[in-house]
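Protein sequences, first through last, are from chains A and B.
Under numbering that gives the first Met the number 0, the first residue of the first sequence carries the number 0, and numbering increases by one thereafter.
Under numbering that gives the first Met the number 0, the first residue of the second sequence carries the number 0, and numbering increases by one thereafter.
Hints listed in this document are in silico derivations from the structure and should not be mistaken for laboratory results.
Small disclaimer: the values here were computed from a predicted structure and weren't measured.
Glycine included, C-beta positions come from ideal geometry on N, C-alpha and C.
One or more hints might be untrue.
Claimed, not checked - Output of the computed footprint for chain A on chain B, the stretches with three or more beta carbons under 8 Å from beta carbons of chain A:
no.: 1; segment: 65 to 77
no.: 2; segment: 155 to 161
no.: 3; segment: 168 to 181
no.: 4; segment: 220 to 226
no.: 5; segment: 256 to 267
no.: 6; segment: 285 to 298
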Amino acid sequence: MTATPDILQSKTAMHASASDHRKLGLALSLMALCLLAPVALSFGMRSVDWTQIWSALTAYDPTNPDHVVVQVIRLPRFLSAVLAGAALASAGALMQGMTRNPLADPGLLGVNAGASIGVVICIWILGVSDPAQFIWIALGGGLAASVLVFALGSAGRGTPAQLILAGAAVSALGLALTRGVLLISQQTLDVYRFWVLGGFNGIELDTLAALLPFFAVGGIATLFAATTLNALSLGNDTARNLGVRVGLAQILIGLAVVVLCGATVSLAGPITFVGLVVPHLARKVAGSDMRWQVLLSAAFGAVLMICADLTGRLSLFGGNMQAGVMAAFLGGPVLIWIVRKHGGGTL
Amino acid sequence: MNRVIRIGPVSVQVSPRAGLMTLLIGLGIIFACAIALRAGSFPMNTQDVLAALTGDSDPMHKIVVYDLRLPRILTALGAGAAFGIAGAMFQTMLRNPLASPDIIGFNAGASCGALFAMVTFGGFVLLGALIGGALAAMLVLVLSWQNGLHPYRLILIGIGVSLTLSAFADLLITRMDALTAADMAKWLIGTLNARSWADVIRVTVGLGLLLPLIIWLNFVLTRLSLSDETATGLGLAVSPLRLTITAAGVALVALAISVAGPLPFVAFVSGPIARRLVGHGKPALLAAGGIGALVTLLADTASRLIPFVSLPTGVFTAIIGAPVLMWLLLVQARKGNII
């Protein structure tokens, strides 16, 4: 977040070539992450000073309350926000590249809707209220929904518009069923409404460790998938002529998106904003090279998520506002500003 | 194949397929009305309904049909048609199937206004929704106007406004106690419970006033759906036209929300379904209105038929609309049509 305006100003000031912007953007956002890390570890209901943070990380002492706050609460929270932001944003960039629609986001594959309906049924029928327990159901629901979307979207010719319509239909169906359950059961609504907004509060290091393999697999799949995006962005037929196996590439992209989003949804609830908007910011810096778009999206997404999480901890927002809500709050005006300043009339 | 009918200086292009499909949609609506009149917790058979409609029957039947069911059915038809037409307008104008009114900020504005009214004044939900929705639409228009309205910019700014407003709505909901939150959740989904003849009159008069504009736009939108350059070449003033269409769409959605709440998915699903039934290259606003009316009426009837729990209409619009769209996608894919 803080890095984005800097990048754009330096872009106009320096008149550097496109590849310099990309490297500068990446370096600035990595620098922002390094600067934000100690802030995220020290800031909150209980302030922890710098020396204590260092000793908590190097020489952990379970009897020292400052150490416990850093190790048990703040460190997992920081890492989750970085992972979730990067995962959602790069998944969004993949989706937008593949469908060639700037409105596409991971929620469109039905992952969020599928995971939500899984979680709601879990709370409603099994009476579970601990996020660590509904990870697998959320993943399963997300996977099932996205398989349905892909099956509907790739039947016959399988055009991008068909995929988008299928995704929207499946998402809406899942959302309606979720709402139905929530209206029937008051208790479910009470548990669900805080999960659904997306927050990194109360995530434990164990939960994060359990999900880390999913993020790793998703990340590797993203790296491979991103190399085909430049060809895919020219249209399926052209991509085929350039030697890309379109069906295989689409399956790989879908897999990366499902794994990344499923893991994020189980970790922090469905966060809608990041995957949709961050790729637009990244595109302004990266230009038309899709590989850079994905990479920069991941970096910007991580920074945005940390900023959102930190702002949510301000007393102005009750000291504990969910990061998903804050991301939309902070990112909405930025998106509008970017579009007004740089957005032309073309895609 | 299309036929051209000439009457003196006026010539109209008529597509038999579009005509047939519109006729079928109309028949579907009549059939759904018949089901909706019979269905409900008060048992009535077809003779009872017919007798109540024609005049001589026992007063209880008359009350159920005239004061409870008929207003609800007619409101559902009117609101659904308004949503469907508005959705098809936005989708055709912005050339993107995702660009229905709920994407570009209108529904988020309405929800936000309703919640804000509930939190600060403890009521005036409807007024809050109308003002909130209109303000959001105005904000989107003002922010995206730069030497004209471009689809891409309008959609992206609409998304920015929409997401910021829905985040604000979420924030307002977490500030409420669980009971009020559940109440508001019901309103925010949209319900047609306890409609009166006043609602029917409001939605009918509104639609009647906008009908000439809609019919004119149906012709114009065909050209606008090509590309900005082609449309300008064909003699359209593209940006003022977009402004007119947005204003008309906003008026239609405001009308529908004021009688039925922000029913989800109707505006989104009607256009694509109508397009696939009527055939490509035509905006098919009236067919989309018919589909919207049909989906809303069926959803409302379903919400009345489910026993034990009272679920609002909005839960069923997607449950009925989404499978239809999925089925159409499959059928078209199998035929090898380009979607």
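Here is what the structure says about each hint:
1. Coverage of the segment 65 to 77 of chain B by chain A is violated. Counting CB-CB distances below 8 Å, 0 residues qualify, and the rule asks for three or more.
2. Only residues whose beta carbon comes within less than 8 Å of a beta carbon in chain A count, and the segment 155 to 161 of chain B has 5; three or more means the coverage holds.
3. Requiring three or more residues with a Cβ within less than 8 Å of a Cβ of chain A, the coverage given for the segment 168 to 181 of chain B holds, as 7 such residues are present.
4. A stretch counts as covered by a chain when three or more of its residues have a beta carbon under 8 Å from one of that chain; for the segment 220 to 226 of chain B and chain A the count is 0, and the coverage is violated.
5. Beta-carbon proximity to chain A at under 8 Å applies to 3 residues in the segment 256 to 267 of chain B; the threshold of 3 is reached and the given coverage holds.
6. Proximity of the segment 285 to 298 of chain B to chain A, defined as three or more residues with a beta carbon under 8 Å from a beta carbon of that chain, is not established by the 0 residues found.
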